[in-house]
Amino acid sequence: MNTKKTSSNAGLYGKDFLLTWEKSREDLETILTVAEDLKMLRDRNISPKCFDSGLAISQFRDNSTRTRFSFASAANLLGLAVQDLDEGKSQIAHGETVRETSAMISFLSDIIGIRDDMYLGAGNTYMREVGAALDEAFADGVLPQRPGIINLQCDIDHPTQSMADLLHLKTVFGSLENLKGKKIAMTWAYSPSYGKPLSVPQGIIGLMTRMGMQVDLAYPEGYGLIPEVVELSGKQAGESGGNFRVVNSMEEAFKDADIVYPKSWAPFHVMERRTGLLRNNDHDGLKGLEKECLANNAKYKNWECTEEKMKLTKEGKALYMHCLPADISGVSCNEGEVAATVFERYRVPLYKQAGFKPYIIAAIMLTNRFKDPAGMLQNLEQGAGKRVR
Amino acid sequence: MNTKKTSSNAGLYGKDFLLTWEKSREDLETILTVAEDLKMLRDRNISPKCFDSGLAISQFRDNSTRTRFSFASAANLLGLAVQDLDEGKSQIAHGETVRETSAMISFLSDIIGIRDDMYLGAGNTYMREVGAALDEAFADGVLPQRPGIINLQCDIDHPTQSMADLLHLKTVFGSLENLKGKKIAMTWAYSPSYGKPLSVPQGIIGLMTRMGMQVDLAYPEGYGLIPEVVELSGKQAGESGGNFRVVNSMEEAFKDADIVYPKSWAPFHVMERRTGLLRNNDHDGLKGLEKECLANNAKYKNWECTEEKMKLTKEGKALYMHCLPADISGVSCNEGEVAATVFERYRVPLYKQAGFKPYIIAAIMLTNRFKDPAGMLQNLEQGAGKRVR
Amino acid sequence: MNTKKTSSNAGLYGKDFLLTWEKSREDLETILTVAEDLKMLRDRNISPKCFDSGLAISQFRDNSTRTRFSFASAANLLGLAVQDLDEGKSQIAHGETVRETSAMISFLSDIIGIRDDMYLGAGNTYMREVGAALDEAFADGVLPQRPGIINLQCDIDHPTQSMADLLHLKTVFGSLENLKGKKIAMTWAYSPSYGKPLSVPQGIIGLMTRMGMQVDLAYPEGYGLIPEVVELSGKQAGESGGNFRVVNSMEEAFKDADIVYPKSWAPFHVMERRTGLLRNNDHDGLKGLEKECLANNAKYKNWECTEEKMKLTKEGKALYMHCLPADISGVSCNEGEVAATVFERYRVPLYKQAGFKPYIIAAIMLTNRFKDPAGMLQNLEQGAGKRVR
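Residue numbers (the numbering used here), protein chains in the order written: chain A, 1 to 389; chain B, 1 to 389; chain C, 1 to 389.
Next up, chain A with everything else stripped away, as it sits in the complex (with noise of 0.2 Å):
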């Protein structure tokens, strides 16, 4: 077993998962190593279930393959039954508050997973509000237990995605150790789509600063991120012993990089248009918006990640990073964010990386619910119990 005894859970039992950097760094580790541990358990055929009831609810404001496949995943190998929240199908039309839906789906309810990127200042905050809202009903013995809740994405931060994508780097390079000082390039990448949120690459910079890395974050000018997830970078790398830098130039990100995470994002200014359009159903209003960022997308069409440019990567052997699915050129587009041999030549590593969120997913909630991780995986591998007769 990776989880020791010592296993820092102070920060996670029993409290919400929704920004990396709300979590201390010990925090992260136990999560990074109960996910291990969950995996090498379903790997020797031994059912880590530590549940005989339960739900664990969903909440997808957005599209979802990847996460909800990980989300339903997760709380089925823990022994948690999945319910979706559509709120198509429920009364929340009825103009029924976040306060009332929130206590009242979790009446007999250990997790509640949301996803809500759609908004900016938004979705982060309907999650504090479902959580507000858990906590009171709790208090005031409306609840038996409160639900954990793991933020599946949302405006600011995408934790589940960052913490899969550290645990990549973690099995990669070997331990979180060897991470110091190496070089990441997290860069934004032409698309010819727009309004692509802002999550990913912020949860980026906001989790690897933290791992005493050399955090490149690059874009074209005017394609900026919240700015105060960029302050909070920069702060991080200092305490980490990393660094943190924003250069408008894809090449010098490249530079040199152990690591390159090239992906397409909406710039901030955008998104916060947008959102006030969303808001007003301005359907004129996102066409054009649409129109016009669409052209300015067009003048980056060389952000590319192509061979050339990874030829820049230390040794021309970076590893290449996508939270998936990429816009390759040639194969779901026609110019995109990569080059088609170089995302062939990664596939194998990038589809690894996506295989650890059902892992990442399940020890949130593990640690959520169970004050001593080490001791429930210890007695879940002791008592042995087959997954698979």
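No more than 30 Å apart at the CA atoms, straight line, and that leaves these computed lysine-lysine pairs for DSSO-like: (1) A/K386 - C/K386; (2) A/K49 - C/K49; (3) A/K15 - B/K386; (4) B/K386 - A/K386; (5) B/K4 - C/K386; (6) B/K15 - C/K49; (7) C/K386 - B/K371; (8) B/K49 - C/K49; (9) A/K15 - B/K49; (10) A/K386 - C/K4; (11) C/K49 - C/K352; (12) A/K287 - A/K196; (13) C/K352 - B/K371; (14) B/K386 - C/K49; (15) A/K301 - A/K317; (16) C/K311 - C/K255; (17) B/K15 - C/K352; (18) A/K311 - A/K180; (19) A/K49 - C/K371; (20) C/K371 - A/K352; (21) A/K4 - B/K386; (22) A/K49 - A/K386; (23) C/K235 - C/K15; (24) C/K386 - B/K15; (25) A/K5 - B/K386; (26) C/K352 - C/K386; (27) A/K386 - C/K15; (28) C/K180 - C/K314; (29) A/K180 - A/K5; (30) B/K5 - C/K386.
Derived from the structure by calculation, the hints contain no laboratory data.
Following the hints, put chains B and C in place on chain A, whose structure we already have.
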């Protein structure tokens, strides 16, 4: 354990739960005690799982949050997996008969929960049609078991709601015995919407008149309920040593009431016209009817549960009840069923009231499938499998 | 137990179930006996749960009631949770490749069931594309297991239907041996709809010609099936000591038949044109084709399974079969595939026929995941965990 070896189960075991007034007083008491015991087991972290596998089918022909999650929670608590019958994704549009669909979904199913409250004269009838089909299929050897049907709201009754309400009253007042002589005001209230079902007020008068209570049904002239249910309620009140009257004044109903249940509904004769229009897909007719009804409703905006009216109740402290979501003036609408201060003062008891529903549904499931619920509960307690490891 | 230690499992274990004619006769017999044993265990209230956790993914690209519930029942019976891949709620619209999605949903999945019967030349091809992606992801170490794929209906075959049909025949006639020499009439029948898939008639002739039966395929001129499947059926009939002919008369096929299977389908060449129009989103073209086809169908309204035609069969008592729902004259349509009195007389056996499908699917799942199904079934019987406590 509250459920006694001597608890009646004759009218529950293998019998559908469609209308509370088809069940004996003893049977209803059994459901309440089983619900209390299931809650106690879960609160003590004892898993009341009595199925190793099996399906609980849900069919929602109208939107639902509370009941959907209550049904899912109940099924999961007992070990059943929920499978939703979504008519839009099924072949029912092919002109398949209810008789056939009912058999086809039931080969390995233990419970079927149905919400069908849109059409007057249709919902309860549909449930009985499903029941007859299941009887036939079981008798014919098509089905290895005859799944039990639970009415999750129809045009006539909303028995899982009224039973949860009754368990709430039992809890607040200490016992069913203590409810004798207590006055409950089931009154119409203004809402800026129309077409709300009659099943809640009907369910309340149809159940509470059996508890020896003083039941006042109040509504503006013309807002009557299904006549048969009103008549039955009067008869039941006489038999139980209680009282039942219909008044046309909210104030009169509130006077000295121990409990008030102000809630909007559409008049019976409007629901009849609406049913006809819905059946004929008469959109213009529906729009006209809505306009007419909203105009009529607007005459009764003073039918609001205000602080002033609450002062009329017993010591000004009547228990305020609602099936939720309520139309709260100034919160979920401009003018509605209840003043925000009244609602807020009773928010915690209201949420607790709602919290009984999963256990009521689980108790109906359990008593439907097990001949000796007291013995089963004892086994579960002694087996003492942990719900959370 | 019907499943013998010596039962063949070589072609089933770890192998997808896409077409019955890709499986050996012994493999098919194994599936039948495992299905019988699973049914027997459940009927004796023994839980055949062999998974403590795990996902069974379903992907329905067309509506389904029976197969959807059969798949859910089978998964639940063995201990798997169903997770539906709803393409509308996923990121597949983003241009993601089948190769990628297949890996992404499979990290913790044991079984994938797919219905894809809309496009000729597409459904089975899609399943193989998914299969190749899973093979690759497993070989690459991306997946810890290689989930098994079950064809829940494609453009070519509907193997869970035909296998359930075969188990029904085995039960009715006493043994597979007894089917030798029996005559089955798989015939086209009139329906007021068009575009019904070819997979059922193809599945029937592709399977029953292997049982030494006399298989008559009957349809009005121009209503042919995929030529390769017809050719294969003829070859198989020769090898199994049976017989296969194509006739253009319902009466001729019914003559002395032991079993009749009258069911509508669209002609192969129409399905080819329809596939092209669907691919081009040619709504006018589709409307025109529908009109033309319905007009053509209308010429063959006499292709109805009437009491008169039933009299032509062996002693007038042939077993009537249908995959359901049937177009019943005067019940689900004015003029259809079968007379109401014929359908009604065979309703109970028809429903029993449908009732085998959950067990067939469970048997396919079990033989796909376990090397020694006989040993597993024996363990389950001896373990004797109760399904219902």
